[in-house]
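These protein sequence lines map, in sequence, to chains X and R. Take 55 as the starting number for the first sequence in my numbering and just add one per residue. Take 10 as the starting number for the second sequence in my numbering and just add one per residue.
One should not assume that every hint holds.
[To be verified] Below, in silico cross-link-like pairs of lysine to aspartate or glutamate (DMTMM-like), each with a Cα-Cα straight-line distance of 25 Å or less: (1) X:Lys295 <-> R:Asp96; (2) X:Lys296 <-> R:Asp46; (3) R:Lys30 <-> R:Asp46; (4) X:Lys296 <-> R:Glu102.
[What the hints assert, rightly or not] Ranges between beta-carbon positions, derived for each pair: (5) R:Gly76 <-> X:Thr370: 46 to 56 Å; (6) X:Thr354 <-> R:Ala199: 38 to 48 Å; (7) R:Ser101 <-> X:Asp330: 42 to 52 Å; (8) R:Gln93 <-> X:Arg289: 20 to 30 Å; (9) R:Gly264 <-> X:Arg131: 47 to 57 Å; (10) R:Arg38 <-> X:Arg161: 42 to 52 Å; (11) X:Asp121 <-> R:Lys30: 44 to 54 Å; (12) R:Asp49 <-> X:Ala358: 20 to 30 Å; (13) R:Arg38 <-> X:Asp290: 44 to 54 Å; (14) X:Leu174 <-> R:Ser284: 49 to 59 Å; (15) R:Arg38 <-> X:Gly350: 54 to 64 Å; (16) R:Gln93 <-> X:Arg131: 17 to 27 Å.
[Said to hold, decoys possible] Chain X regions said to be covered by chain R (calculated; three or more residues, Cβ under 8 Å): (17) 231-239; (18) 306-320.
What the hints contain is simulated information worked out from the structure, not anything from laboratory work. Since this is a predicted model, take the numbers as computed values, not measurements. Cβ coordinates follow ideal geometry from the N, Cα and C atoms, glycine included.
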Amino acid sequence: MAAEPDQNEIEQLRLRERIAKLKDVPLLGKVRVSGDLARLERDIERIAAEPTADEVWHSVDLARHPDRPYTLDYVERMCDDFIELRGDRTFTDDRAIVAGLARFRGRTVALIGHQKGRDLQERQDRSFGMPLPAGYRKAMRVMELADRHAFPVISLVDTPGAYPGVVAEQHGQGGWIARCQLEMMRLGIPTVACVIGEGGSGGAVAIAVADRVLMQENAIYSVISPEGCAAILWRDASEAKKAAAAFKPDARHCLDLGVIDAIVPEPEGGAHEDPDAAAGLLADGLDAALSDAAEGDVDTRRAARRLRFRQMGVFTG
Amino acid sequence: MADRLDVSIEDRREPPPEDGKKHPNTCPRCGSHYRDDELDANLRVCKQCDYHYPVRARDRIAQIADGGTFVESDADLRSADPLQFFDLKPYSERIAQAEMATGLGDAVVAGAASIERRACELAVMDFAFMGGSMGSAVGEKLARAAERAAERQVPLVAVTASGGARMQEGILSLMQMPKTVAAVDILREARSPFVVVMTHPTTAGVLASFASLGDVTVAEPGALIAFTGPRVVQQTTREKLPDDFGQAEANARFGHLDAIIRRPDLRPYLGRLLSFFVDGRNGR
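This is chain X alone, in the form it adopts within the complex:
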């Protein structure tokens, strides 16, 4: 036993490794990573183990903070121009997803994102950012448009999940989420997704099948809501904090598990404390990731993207 380094030491080593990894990640090169590194280095002193239950829960709180910037808040700050494209070309326009053409750092890009509402009326109009099949159809047709015109795709993910209603089921919610993933998997253009708040389950992954996947520092990405998980496994939704600590939806764990490529730093205290600064950091991250994803030809990119997702998982045998 004496030969084993204690838990603290192991964690410090892991953190140093993580920092080394961050320094090596090319797409963080342009991001103002130094501030982030300084903070991470400070964290070495503090962190004894995995992010604690409290730290994970802090991310959950910030990811759902009512003042957190949403997709259109970032579009307004990051893009020189934006024309929204609406409608699913079948029968409606789902406002839980916004899509359009944007001028982003000298490029024309197609931008797609979940959109939550700020006040009660807008929240209802946008179904709290929970898309119907029509929302995914809109995303798909804008992706296809982007592919034809060789515009890269930026996708901003921020949803509690796909809308869980009767009409959504009647219109084939599961099928459209599946088809949206397949559409995105097959695009020839470079694609980048970033989870900017809640990456809630299938409703999130539907538009996150990208060449590069990023997460903001305080975003969460998870298979189920902490409350949902608690209700099923603990049979008590109030055990959400325990559930979150167990399934680890925070950005650091997602990076460690290889689910995301990089973490986009947020201003001290979270994105809502300084939306302009948060948008600057996000734009830097997206820009670097897009340039990175733009290397290589269509077939290589498609094959690499498919392989990226094909390899997800941990198993033996």
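Given the structure of chain X, go ahead and fit chain R onto it with the hints provided.
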């Protein structure tokens, strides 16, 4: 309370079992009861009311594959426990218990088979293993089955039964959705046919990934096919649910299925269907 008269009529019958569960061989719809051999002889379908009982993966393979043709692959593949997940008990213990209880390594059994003399890859899910939930092992076995089908230029037939992603594997279980979608993309690129048979229940992460991407998609009668199950829809939206919410029959009415196939008809249907793909490829 004490001065209230008790007017209930005394019930002298046996009280129902404590947990309210009937015997597994008792039909939950009409109450008919069968011996094991009777039920098996009728492919586990109620002779009185046509209720389709759940079928275990190996029994399903015996029902639809030609005798002796199934050769299992990846039988030793197991999910790891990357999160060291612990709810009321450790995930590793839950897997071990499920393996003991079902005799399966995880919630899908996959391998090569023939159906009515047409070679295919067959992947059959088993709801008895942790609700048929999809974690890394299920995703990997499905992806490998798709790759074998692409490689061998044969169809992939998937029989689904799943409550969705396996929460205990956290975000990696969510990633099995795009992973199996990638596998379907590999199948499509190789122009190998993909047939999906949805059985009760096919929901959430499985429905919202490979299960919805079949070239041909059929379901068993009465199967629940929904991204969000009725209880959660009811609790979240307080909507009044239609009586047939999420049922295969409703899905067929809304255009999400090619057909509803009764279990006794499934094997001949698959045989005919595969023959179109295998025997008649002269368009290109």
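Right, here's what the structure says about each hint:
For the suggested pair Lys295 of chain X and Asp96 of chain R, the alpha carbons sit about 12 Å apart, so the restraint of at most 25 Å is met. Distance restraint check for Lys296 of chain X and Asp46 of chain R: the Cα-Cα separation of roughly 46 Å exceeds the 25 Å cut-off, and the hinted pair is therefore not satisfied. As the CA atoms of Lys30 of chain R and Asp46 of chain R are separated by approximately 21 Å, the hinted pair is consistent with the 25 Å bound. With a C-alpha separation of about 19 Å, the suggested pair Lys296 of chain X and Glu102 of chain R falls inside the 25 Å cut-off, and the hint holds.
For the pair Gly76 of chain R and Thr370 of chain X, the beta carbons lie near 32 Å from each other, so the given range of 46 to 56 Å is not met. In this structure the supplied range 38 to 48 Å is violated for Thr354 of chain X paired with Ala199 of chain R, their Cβ-Cβ distance being about 19 Å. For Ser101 of chain R paired with Asp330 of chain X, a C-beta distance near 47 Å keeps the hint of 42 to 52 Å intact. Range check, Gln93 of chain R to Arg289 of chain X: Cβ separation about 22 Å, and the 20 to 30 Å hint holds.
At about 42 Å, the beta-carbon gap between Gly264 of chain R and Arg131 of chain X misses the expected band of 47 to 57 Å. Between Arg38 of chain R and Arg161 of chain X the CB atoms are about 59 Å apart, so this pair departs from the stated range of 42 to 52 Å. The supplied range of 44 to 54 Å is met by Asp121 of chain X and Lys30 of chain R, whose beta-carbon atoms lie about 48 Å from each other. At roughly 48 Å, the beta-carbon separation of Asp49 of chain R and Ala358 of chain X lies outside the given 20 to 30 Å, and the hint is violated.
A C-beta distance of roughly 32 Å is found between Arg38 of chain R and Asp290 of chain X, which places it outside the suggested range of 44 to 54 Å. The supplied range of 49 to 59 Å is met by Leu174 of chain X and Ser284 of chain R, whose beta-carbon atoms lie about 58 Å from each other. Restraint check, Arg38 of chain R to Gly350 of chain X: a C-beta distance of roughly 57 Å satisfies the suggested window 54 to 64 Å. The hinted range of 17 to 27 Å is not satisfied by Gln93 of chain R and Arg131 of chain X, whose Cβ atoms lie roughly 40 Å apart.
For the segment 231-239 of chain X, the stated coverage by chain R holds: 6 residues have a C-beta nearer than 8 Å to a C-beta of that chain, and at least 3 were required. Figure legend: the segment 306-320 of chain X, annotated as covered by chain R; annotation consistent (4 residues with Cβ-Cβ distances under 8 Å, at least 3 required).
Hints 2, 5, 6, 9, 10, 12, 13 and 16 from the list above are not met by this structure, while the remaining hints are.
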